[in-house]
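Trainee: So you can see what is in the structure, the chains are spelled out below.
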Amino acid sequence: MKKNCYAKIATLCILLMIFPFSYYVLGQCLERTPKELPDRLAEITTPDIFQQAEKGIQFYTDIFNSETPWEMQFIEINGLFQRIAGKHYIEDVVPDRSIVKDNHGFLHFTGYWYMPNTFQAEKLADPLEDFYLYLNKRNIPLLYVAAPEKNMQGYTKFPALIKNYGNDNVDAFLEQLGQKDIPYLDLRAELAKLKDKDHFFYYTDHHWTTPTAFWGFQQVVNTLNHDFNFRLDPQNKFRNSKNYTIQNNENGFVGTQGRRVGQYFTQTDNFILLLPQFATDYTFEQAWQDNAVRGTYAESLLQSEYIENEDKYTNRYAAFLGGDYPLTTITNHKQNNGIKLLVIKDSFADPLLTFLAACVEEIQIVDLRYYTQSLYTLTQRYRPDAVLFLYSSASLTEDMFSFTAKKAE
Amino acid sequence: MIFSSNIFLFGFLPIVLLVYFGLLGFCPLWVKNIFLLLVSLFFYAWGEPKFICMLIFSILFNWLCGLLIHQYQKKEKKKIPKIILIISILVNIGLLFIYKYLLFTMGIFTALTHMEITLPNIVLPVGISFFTFQALSYVIDVYRGTSAVQKNPLYLGLYISFFPQLVAGPIVRYNTIAAEIKNRKTTLDDFCSGFSRFIIGLGKKALLADQLALVADRAFTMQPYDLSIGFAWLGAIAFMLQIYYDFSGYSDMAIGLGRMFGFHFMENFQYPYIANSITDFWRRWHISLSSWLRDYIYIPLGGNRVKTKTRLFFNLFMVWLATGIWHGANWTFILWGLYYFVFIVIERLCGLNKKPLKIGGHIYTLLIVLFGWVIFRSADFRQLVGYCKSMLGLWPDRIFLNDYALFYFQEYGLVYLAAILCSIPWLSKYKEKICNHPLFAIPAALFLICIFVFSVSFIIKGNYNPFIYFNF
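Residue numbers (the numbering used here), protein chains in the order written: chain U, 0 to 408; chain L, 42 to 513.
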């Protein structure tokens, strides 16, 4: 064989990778330069040529770092390398997006583990107590539902040192609620009693799977009936899983955690839908967009493009209600029990609410990450029969417990 | 600009290759040289736009000094060339002093005198120690008559600023590439083996050095008394491997890039961690700096050929003091240089430099070098003492292993293993034969492609660090 044959083959192949990559990024540079560079340079008021040069350099560096072709493929390759190298923890440039793989191969977000936990439960429990007392005066019951944690006690194990403060924070918060006599349902404790924990959560996403969300819906309805004397689903029609068809998405699913490290760092997920066999007729209204869709469960409460898209990195979880919006309303035209619920939630609630909608006449859904108006005013205007909070540990932040109108409004 | 960055790999490099081998493929060499000079200046300006003036000044000043020395030597005036040489040394070292050591010196001065002086804000130009030493070696060589003068400032500019070795070496001598500036041929063999060498260097940096950096950084940013014995050792070993793969990776990339354009630089590393004595270690580590200091400090002071041992040790002391100071303006670097001076002297006194111990020599060398890197990596003496106490278990109630040690051992065990295995020259004599064997050519090529793809994946993921030796 000729001298340096291996080097020649490698050089040819690598250059064949470099040049198309380069062609694409340089094309982006050429396209964006006349549109954006003059504005960037105009930010400098002094005629300092070196400062201008630095701005220009930063501009092109940003393009090279942001306009990466095949970015996801390279992240996948990186995940594969990390897996081969026996890594379980991948530090991310965004601290709270760092990923740890547990003993069962489930991915978890974790902040930099060497940062201390600064969570203060009282700061969140106090405003919730105020709101609870306000509702009490109006005879509106409140139930706080703590969503289950992917980090399941007695099941999940992290590598030495790695800490995930989610459970600690929820414990501390629920203890505060207990002291203030605010009713709560701890789904973590209920879930811990069940077996077959491999299917409760997605491997690559922080959310629960659809069957687990359905189980959560059953628990919520049971609690509302038992503790608050509602008579939701008296014939156990909507809570009976036999009345649903399981639809398995063949394209697979890689969730938000998987997107940080690629599909080869752990296994990809199945995405399951539970479609009602009974007749359904809903209107899903996005108040902020003045947009309403009426139809069956699948037509109104599911966004089909997230399911049909063949790309497994599609955020399929957003199929439920189309993701998160400031204020939405589900009206059930097949239900006439006159019950209206106000649900303050994070994304964990989305699949659960699509099931819960069958049991009531109307649900108004608020996401405080985006809703900036006063929750007090909304409650007064809406007059719900009950208020539900459905939060995961990630939502234990002051923003999610700020119930008055936000200043930016 | 960093070699292991998107902008270099997918912007700068392909454009330079395309223009050099495509547009200028049939142009005379002087056109290609001017192009290489311009892109080298651009390469430097990309990282430090305002320091480009200093680099250009260094080129022109040293070119002028070389020219004047040559002119006056031709006229057989002996004093004037010497004066010019002294001026050149003073200006070059002066610039280095202002940018690298002025703040340090002022700090010492204020500490001693208790005077309140506002310290100026001085930013260190990247690679100043490297290009200053290259420029100095040129002027000294012209003065000594060991190098021909370069009358074309553009060519001297190319020698000093050629982008592969501009910011982190190796410190190339003018003689090494003088002939290749004027006359060189880039063969396909050279291009491909140079490119492969570049990929190997990229892999060393992205896949080994940057991974180990996470362990070393964690260990050296913790309070020393919080470290378990095991984690202190893991951190020190991680830094020992990190600095080797960081710097030798850069040297591989520089040598490879040079070869792609037809330049043949000297090797900078020869498997330093297989050395069996400290003397042997320094024959294998940063060879271009060691030989520079030997040729321009040690030998002018008299080298080995002196009458007394005291004088010999003085010469050695000066070389190792310079080694320490060259690496940075910090007492730890000076201590690091003198630490090696002590061991070099001991080896000379015991004859270990000529007859090293067989097996014990490797262990002794590795331990000395390891503690040397702890000195090098420590921010100050307090951390140094604390870290060494952790390694030796001298803090009260120390435990051998804690969660830190377990975590990092589990997470980075394979990276350590790969790094250690790659620091030993297994089959290096047969490497070319094996890689060119019909059975292994394709796997060898695939191996290089995998290194490239994995390295790029880390660059895109954003885990890369700047090279350690950019600071020197």
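No lab work stands behind these hints, which were simulated from the structure alone. One should not assume that every hint holds.
Simulated restraints on C-beta separations [unchecked claim]:
#: 1; chain 1: U; residue 1: 34; chain 2: L; residue 2: 155; range: 56 to 62 Å
#: 2; chain 1: L; residue 1: 398; chain 2: U; residue 2: 196; range: 55 to 61 Å
#: 3; chain 1: U; residue 1: 50; chain 2: L; residue 2: 189; range: 37 to 43 Å
#: 4; chain 1: U; residue 1: 398; chain 2: L; residue 2: 150; range: 48 to 54 Å
#: 5; chain 1: L; residue 1: 420; chain 2: U; residue 2: 398; range: 55 to 61 Å
#: 6; chain 1: U; residue 1: 103; chain 2: L; residue 2: 151; range: 57 to 63 Å
Using N, Cα and C, we set each Cβ at its ideal position, and we do this for glycine too.
Trainee: Checked against the structure, which of the hints given earlier come out wrong?
Mentor: 5
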